[in-house]
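Going down the list, the sequences are from chains F and R.
Residues in the first sequence are numbered consecutively from 1, following this note's numbering.
Residues in the second sequence are numbered consecutively from 1001, following this note's numbering.
Simulated from the structure, these hints should not be mistaken for lab results.
Predicted model only: the values in this text are computed from it and were never measured.
It is possible that some hints are incorrect.
[To be verified] With the C-beta cut set under 8 Å, the calculated list includes, among others, these residues of chain R facing chain F: (1) Ser1075; (2) Asn1079; (3) Asp1095; (4) Asn1112; (5) Arg1115.
We treat Cβ as the ideally placed atom computed from N, Cα and C, and that holds for glycine.
For reference, the chains in residue letters:
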Amino acid sequence: MKKELTGVYTVWLRDIKRYFRDKPRIIGSFAQPILFLFVLGTGIASSFSVFGGGGGEDFLNFMFPGIVGMTVLFTSFFSAMSIVWDREFGFLREILVAPVSRTSIVVGKLLGGSTIAMIQGSIILLFAPFLKIPITFVIFFKELGIMFLVAMTISTMGIILASVIKSMQAFQVITNFLLMPMFFLSGALFPLNQTVKWMNIVSKINPLSYGIDAMRFVLLNDASLQLYPLWLDIIILVFLVLALSVIGAFLFNRQD
Amino acid sequence: MNNSDIDNNVIEVENLVKEFRGLRAVDDISFSVKKNEIFGFLGPNGAGKTTTINMICTLLSKTSGKITLSGHDVSKERNKIRSCIGMVFQDPSLDDRLTALENLHFHGLLYNIPRRVLKKRAEEVLEMVNLTSRKNSLVMTYSGGMKRRLEIARGLLHYPEVLFLDEPTLGLDPQTRNKIWDYIIKLKKSKEITIFLTSHYMEETEICDRIAIIDRGKIIALDTPENLKNKIGGDIITLISENNIKLKEYIKNITGAEAHSEKEDRIRFEVKDSSRFIPKLIKDSPVKILSITARKPTLNDVFLDLTGREIREENANSIDNMRMRMRGRTRH
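Given only the sequences and the hints, what does the whole structure look like? Please build it.
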C-alpha cells in the first residue's frame, strides 16, 4: 500500500515540477482568461447599452466564475491528456514498466492535473477585487473545493480519451469538437435558463454546467442565477468523478 | 534439461506466441537465459525482437506460451517481475524537461528505493556512465549518446537482476556506439548481472555469451558467437574473375564448396584455410582472377548462411531515419 501511495506521489510530483518549470505555460495560461474577461467580457457588457437594457457590470460579475471554470477546464484537461504526449515521447513506458499499479498512475495523474488546475483557478480568483466581487477565506476555500471536483471530473475525461486516442493529431480535433462546445454550453458566458431549448438540453449532459453553476453560486451568492441547488451540483460532480475514474482506470489498465 | 540448469536460468520462455490481427509476430519460440550471461537477440527489424522483450517485461500481453523470470510467472506476478528488471528501451524514454538527477529520483521513487540509499546510488550510476558533471542539466540539453548513457544508468539504479537493452545503439553515430558498448562491457565486469540485449548490428552482438538469431518470429539458431561462426566452413572468399560461371564449377570441383554470385559480378564461397588456398587458386585457376579478398566469417555471414538474405537488406533505412529524427526531436 505504501508502495502504491509513493507511486501516486511520484507521478503527481513530476507534473507539479514540470508545471513550475514551464514559465511560458504559466504566463500563457493567464493570457486567455484575461482576454476573455477584460476584452470580450467588457465588450459584450458595453454592447448591452447599444441594444437596449442595462446590467453591463452585472454581466462581468456573471462571467467571472465562468472564466475561472474555463481555466480549470482547459488546465486539467490538457494535464491529463499529457499522457498522450508521454506516450509519443516514450516516457510512458518508463512509468508502465515500473512496479506500480496502473491505478496508482491514473490517480497520480488525476491529482497532478487537478492540483495545477486549482493553482491556475486560484490565480484567476485574484482578479475578483477588480470586479468588486468580495472574497473571504471561507468563500475562497469553498470555491477551491468546487474547483477540485470540476478538475477531477475533467481530468478523468482526459484520461479516458488519452487511453483511447493514440495520436497527437487527434488532439486538435478533441479541442475543437469537445472542449470548446463544453465551454460554450456550460453557462460560463451566458445564462442557460434563458436560451433556446436545445441548448438547455445539451447543457444538462455537460458536466461543466454543474461545476460552473456551483462556482457561480459560491462566488456571487446570487440565487437568481442558480440553475440547480448547490447540493445537487456537488452530488452530480462527485458521482461523475467516481464513475469516470473507474472507467478511466479500467481503460488505462487495458492498454498494451 | 536437469535441475541445476533450471536453477541457473533467469529467464525461461516456452512456446511463446504473439499474434497481431492474425499475423504471427512471434512464432512459437522457446529459449532460456542463464544467470549472469550476456544474451543477445539478433535479427533484422521486424523480426520480433522488441515484441518478445515487451512480453517478457510485462508491457505486452502474450497470445500463448509461458514466460518465467527469476521464478515469477509473467502473467501472474507482474509487479515482482517489474521490480527485478531494468529497461533501456529502443526509443528514448526520459523526461527531458527534468534534469538527469530528477529522472533518476523519479525512477528511484517508483521502484521504492529508500531516499538515503537512492542518493548514493544515483551518484554511483552517474559516475559509471560519466555523467556526474552534468547531473543537474535538463535532459533536453543532452546529446543522443548522453541520453542513452543516462538511460542505462537509470536501468541499473534499482539493482535489477536482468538488464534489458533493446537496440541500445540505434540511431547513434559509430563513435558513440563504441562508447556505449564499452560501458556495457565495463558493467558486465563490475557487477553480477544478466544482460539481455537486442541488436541488428551484427558485429555488435559479438560481446554476447550466447546469441539467438531470430528471423520472421522464429529462432533459427542459438549458440555462442564462436560456435555460430564455426558452422560456416572456414574463411569467406570473395573474388571477381573474367568468367565467373566457369570458375564456380572449378571451385566446386576442387573444394566441394558452392560459390554464390553476389553484386558487381563477385562470387563468394567458403574454404577451410584461405592462406594456403589463395596462392594455389591463383596459380591453377582456369580463368583470370581480377581481385580476391579473404576474411574471417562474421555473424552477418552466419545470418546470410541461415536465411539466404543479408541482414542489412532487411533494415528498412526509412525506419532508422525516422528513429533518428524522433531522437533529435524536442518538445514544442
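Each hint, compared with the structure:
1. Below 8 Å, beta-carbon pairs count as interface contacts, and R/Ser1075 has none with chain F, the closest being about 13 Å; its hint is therefore violated.
2. Interface hint at R/Asn1079: satisfied, since its Cβ lies 4 Å from the closest Cβ of chain F, which is below the 8 Å cut-off.
3. The interface hint given for R/Asp1095 is met, as the beta carbon of that residue sits about 5 Å from the closest beta carbon of chain F, less than 8 Å.
4. Annotation: R/Asn1112 was flagged as interfacial toward chain F, and the flag holds, the nearest CB pair being 5 Å apart, inside 8 Å.
5. Nearest Cβ of chain F to the Cβ of R/Arg1115: about 11 Å, over the 8 Å cut. The hint is violated.
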